[in-house]
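Sequence lines, in order, name chains A and B. Quick note, the first sequence lines up with residues 45 to 156 if you use the working numbering. Quick note, the second sequence lines up with residues -18 to 708 if you use the working numbering.
Simulated from the structure, these hints should not be mistaken for laboratory data. Quantities reported herein were computed from a predicted structural model and do not represent experimental measurements. By construction, the Cβ of each residue, glycine as well, lies at the ideal position given by its N, Cα and C atoms. Keep in mind that the hints are not guaranteed to be accurate.
Sample of chain B residues facing chain A (criterion: CB under 7 Å; computed from the structure) [said to hold, decoys possible]:
#1 Asp13
#2 Trp35
#3 Val49
#4 Asp53
Pair by pair, the computed Cβ-Cβ distance ranges are [as the list claims (entries may be wrong)]:
#5 B:Gly21 with A:Thr70: 51 to 57 Å
#6 B:Ser347 with A:Thr127: 40 to 46 Å
#7 B:Arg94 with A:Ser126: 47 to 53 Å
#8 B:Phe673 with A:Gly92: 46 to 52 Å
#9 A:Gly92 with B:Arg371: 53 to 59 Å
#10 B:Gln33 with A:Ala77: 28 to 34 Å
#11 B:Pro23 with A:Pro54: 55 to 61 Å
#12 B:Ser347 with A:Asp116: 55 to 61 Å
#13 B:Ala24 with A:Thr70: 40 to 46 Å
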Amino acid sequence: MKLITAVIKPHKWEEVREALETFGITGMTVTEASGYGRQKGHTEVYRGAEYDVSLVPKIRVEIVTEDEDVKDVVDVVVKSASTGKIGDGKVWVVPVESVVRVRTGEKDEAAL
Amino acid sequence: MSDLPAAGGHGFALVAVGGYGRREMSPFSDVDVVLVHRTGVPAATVARVAEQLWYPLWDDGVALDHAVRSTDEMLRTAADDYRAALGMLDARAVAGEAPAVDALRSEVLAAWRRTARQRLPVLQRANHERVSRVGWLSQSAIMDLKESGGGLRDATTMRALVASWLVDVPHRELEALRAAVLDVRDVLHEVTGRPTDRLTPELVPDVAAAMGFAPDHLDLHVRDLGRRTAHLATTTWRRLDAVLAERPRTRTAPGPRLDPVAPGVAVAGGEIVLTGSPDPAADPLVALRAVAEAARRGLPLSPASAARLASVPTPAEPWPTEARRLLVEALTAGPGLVPVWEEIDLAGLVDRWLPEWRAIRLRGSSSPVHRFTIDRHSVEACVVAAGLIRDVARPDILCTAALLHDIGKGHDGDHSEVGGPLAEQVALRWGFSPGDAATIGALVRQHLLLPTLATRRDIEDPDTAANVAERVGDAEHLDLLAALTESDARATSPAAWSAWRAGLIRGLVTKARAVLGDSDALADPAYEGWPAAVPLPAARFTSSDAEPFTVDVRPHHDGSLVQISAHARIGLLAALAGALSVAGQQIRSARLVDRDGASTSIWEVADAEVEPDRLVRRIRQVLAGELSLEDRIGLGEASSAVPAQVLVHGGSSTSATVVEVRAQDRRGLVWAVARAIAEAGYAIRSAHLSTFGPQARDVFYVVTPDGSALPEPEAAVLAERIRALPL
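For reference, chain B alone in the conformation it holds in the complex (with noise of 0.2 Å):
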């Protein structure tokens, strides 16, 4: 500044706001700065000194945010703009008048102080916006880690919180937590060479290792941070609430009422409290109480009751009756139990109850439909079972098995086969009977059974429900499965439980109760893939076309139900799949039979809103050979390294032979698939598609020409042939 000559004299100050400000600025972070002069200095002036300010660290690639203000454009600034305001909290001069921009820090802050109480609810609500936009950094698959629900800006707004004077905020642990971020941030900005603040999962290995960890630590690691930011920032704002909500205090206004509500366990300004008598150190059911108290009435636990919970004891093993009731009763609580057993995780509880919850604390489920880190997502489902309760004759054991259904996770293994013996070991562990401790393990092992054969196998085919009331054994615990099977797909993503999904899986369901209750009630030696209750339309064409078909579109669910009559041919089904995925459909399901001649298909697609005439257009192209499906989607060379997978599942039906093909999802695959079966010599009674995220599954249900199951060599065979194509 003292080398700019027109600076002289006007009280001109190079003042560094924002992250510059805070001294937090990462290798690729903008610059953010102020030039401030006195107010009144002629505008050419300004514009003089800050024309040779700029220039030279514009030409020298600088990422600059710069403005320009006079002192009392600042204030009013800050006074306008609690962003601002935020920003100018840790102002500090980095050239020319320094003393200046001390006393114009101090008459922010004081404003600040001044009207904190009008301001930082406008503060919350915009951070409540920000985080409900982006999500917290604990639980998203892309770790924001400036933005997202317990990240920088949750830190920095804590800061700007303990400035106003009205709550306080432990300073060693957040400094701690925020140079931890700040810390990885450095990291993120090296190794991509950029300003970004998103760890995605395909960077934490290049940040894991320069940082000297393994990646799944790093991921552990930056979770946790965030979790306990994101739980002072909680806290902090809990706080404030009250302290903004505060009455003024007359001289005899009593001390915080204490009402008592279970031995050892009171509420005392709107938090549960321990009262100390029984000592919560010397009987181990004051933890439970506390915790069954919270969730229950969807209350925080004091901070400070929440650290001496670190220290109580357990419950002798196998726990006693009363023991698992207050579990039980928190478990079946509702929502109260998210926010109390994060408290309690956080205060080491949950390691002493549950040890086996270290293997999925905090991990990223495989799946990118997940929304929630497993931990919590198995709270959640705990919290979905708990609206259930009123369709299962067993409660407890309904919601115990929601909270360890993927207790297998983060082991190696099939997690529901390795869940499932974990299970019971904890369940016998807090005291349930022998009998109940092998059902949840079983509803554990079994969690998957229904979405599976729901969406992978034809649910018409009475084999499919046989085989699930097989697995069951008898009704009871056939609804406790169903409970949990929707409670897991509720807690995953809104489309596990899709109207279509939750079709699927009920039907199955009413199924399979019909064979628990009387076994010969599906019974169909004659099924051949066409559901009982939809009539088969009469075929009516005109004979005008060459080769005449008629399409019926009508909603289905979320999706449409499209019906399309043809004549018989061998590769129809091959044909129409392929057209329909020319036409931009996605299949999720589809079922062929042949009568008189006369093909009638039906097809579940995803869209809720088909255009039939395009459709009719493809399939006339298609049917008369003017649309070369092999050049439109043929599958061309194999896009994946990892090969596809061809499965025939012997058990699954006893009148057609069922083969999933397991390869990358592309336009193609269906119409490959069933070609090569169609030339094979074998007809397709139904498809039945899903995808997971960039993996296709498709099942398809195969017969010979006189309708049966292929014979086990033949089968395999079919196999090969299908492994052979470039999937």
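Just chain A, same shape as in the assembly (with noise of 0.2 Å):
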């Protein structure tokens, strides 16, 4: 099993989740975040001081699935969150050991 995060731009959400939906992702895990990357969060067109670095607001979804269906789901991601400009976001991917639902004690996969 892995985890796949992805931090994605707040207005490419809905695209994401429905693309996920039509994948057959049926459960995530979303929050507000902030963060930049080598631009530090400029604009194309930013007027500030170039040693500035400015938070900007981003979606992080997270999503544990089974290794079979990793490199699908994030070229799910990828293609539905991308807009070509900078502050696209990136998606990675961790080892899970072990998942439990809750209501009802099951393990692993059939938690999933």
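If you follow the hints, you should be able to join the two separate chains into one complex; please do so.
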């Protein structure tokens, strides 16, 4: 099992959710986040001082999925979240040791 | 720019600012640029041009530091933010309409000059704040080539000062220093593959190799650059302060006033100057007078006078009384000594008065606790000593010993042993009597005696104080040594003279003084590791606990004192040491005494806020056998490639065997050693633990079950047993 984390632009969230639903992912955790990358949070026409760094609002989506689906899920997220402009975000994958469904106690794949 | 049709006719230019503008980029530096356009260009056009410019650069992985501004906005930003103004002083067009950029730069410069009197003090304050935060390039363990005092930012700041037309700076020297630091930074970027300005000690060998230097030489080279740049900056700011403070001269105002203060020396304009009569080149005392006056009054030497000092003769050896008196006056002057010593060292005068200084000049200390390089540390020790002269009969001997106490570093061997004879030689050269010179040499040789014994021996053991008394010989010498010890420690770092350490050293000095006054004062044949002043508490256990014990915590110096009473048993000290470790306590010392089947121990720990409940829980778990110390803090495999050292100090005590263990500091160490000693059938009367960076130096006073020192062969066997542990 793997944890897929995606940091994306807030206004692309609906598109990403719909695309994931179409793929068959029905559960995820969504949090509001802030961040910046190489461009220090500056837009293409930033007018401020060069050395200032800005935190830009983002959405973080976290999905636990089975290993076989990882590549496809990442593709789906990347395609639906992309605008081609700076600030589109990143997606990364880490291994998950175990998962438990709180209501039933089901474990691992049965909990997904 | 000509490839971008959208850009035509709107005055677009790509302007290099900051380091890019100054042409001082290193391999991984950010590219600082501003896309400038004429005021009034539609936003959509600007956005289109900007995107067409930036995306290819971002996609190529260029580290771009970008902004987009109209010409009006450029001027406004420069006016509002002095850092932006500094960045624009060297602005140049790298693409687009260059003449417009030149005009812009001229306007920025003109505005800078117009407003310099208001803005430069802001810049000066920001500089102070930065340097007090980051430190000085010449003095820091981690050399930040850009942000430290004497680094690239200071060099850039000076160019800005020059651009203000209020002061001038020696251009060639400044540019040479700047270029030399940039050379090092270039190699640093290449070696690390990243845009870093910090030359850490780990990187020095690789950078040195790439530049064809020995690592020591690179270290010295960078610190020297930092020191010279810092000196230029200090002098320039001082000149600026004078300019800003000047009142407009009237035509009748006289030239600068010369206030004579000593033959050949005067004060003029807040600086010490050489008057020329007597001629400093003919009379070696003039230079000494100038230095003494400067140190005493806390005034700088005028740069011209400092330069002249480079060529004055030294006094004939041995120095005449007056020469020595003047030098001592400077050394006992206090904080004023620091800038003066820096001046005369840069001028080359220290080399002539004290050639031995060369070995310690700008040398970093091997210990991580030092704030300063060894030379600066020695001067600082002198300054602290100047505040302690009331405590000694001979301030001249104290301050001279303080200046020379580390003179043996930079040579092979123990720096105290090497330094002693060196210091004596120097003192003789400076005209001290043979007796005084011998005292100075002895002080230098002994300058680590008190801190070593205080932290690594039981100060309550009468033998410890007796050892000190024997080494120093008389009360006057003891006073000098005590003052020298305090000076060295306070000039090292606050931790070196913490309340705890100072308490131990003062305690030891008091006891040694008592022995010197009356050699039987402390004799106690029944001493068994418990200080006479601390009454033994009566054991009061409740019978309900299987393993009853009591814990009492109270504040002690900058840490806490934990007193634990429990049923006496083999290995109790080890178990309690383990419990304290698991409870997160850093133990400094421990004493344990058994009386009527009950064991009482007092523990000095470093934490000022101990949670008694957590401690009680852990102790209960350990005593009841519910917590396996082997599992929680067991040593496992040896953690360091360097093997541990186990030493038996034969002469340190007559009532116990003193065993010192030097090993990699880690949590289970004390417990493991204490357990090994208990398993060998011996008891630990007291333990004195200290760390020195990553190394632990733990001293145990070990006794046989009947309370006496171990016979030599048994002590050797015990040492072997401890050596066999995976330390």
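Results of checking the hints against the structure:
1. Asp13: holds, 6 Å
2. Trp35: holds, 6 Å
3. Val49: Because about 5 Å separates Val49 of chain B from the closest Cβ in chain A, which is inside the 7 Å limit, the hint holds.
4. Asp53: Because about 11 Å separates Asp53 of chain B from the closest Cβ in chain A, which is outside the 7 Å limit, the hint is violated.
5. B:Gly21 with A:Thr70: 51 to 57 Å: At 53 Å between Cβs, range holds.
6. B:Ser347 with A:Thr127: 40 to 46 Å: violated, 55 Å
7. B:Arg94 with A:Ser126: 47 to 53 Å: holds, 50 Å
8. B:Phe673 with A:Gly92: 46 to 52 Å: holds, 48 Å
9. A:Gly92 with B:Arg371: 53 to 59 Å: holds, 58 Å
10. B:Gln33 with A:Ala77: 28 to 34 Å: For Ala77 of chain A against Gln33 of chain B, whose Cβ atoms are near 31 Å apart, the range 28 to 34 Å holds.
11. B:Pro23 with A:Pro54: 55 to 61 Å: For Pro54 of chain A against Pro23 of chain B, whose Cβ atoms are near 28 Å apart, the range 55 to 61 Å is violated.
12. B:Ser347 with A:Asp116: 55 to 61 Å: holds, 57 Å
13. B:Ala24 with A:Thr70: 40 to 46 Å: Holds: the Cβ-Cβ distance is about 43 Å, inside 40 to 46 Å.
Comparing the model with each earlier hint shows violations of hints 4, 6, 11; every other hint is respected.
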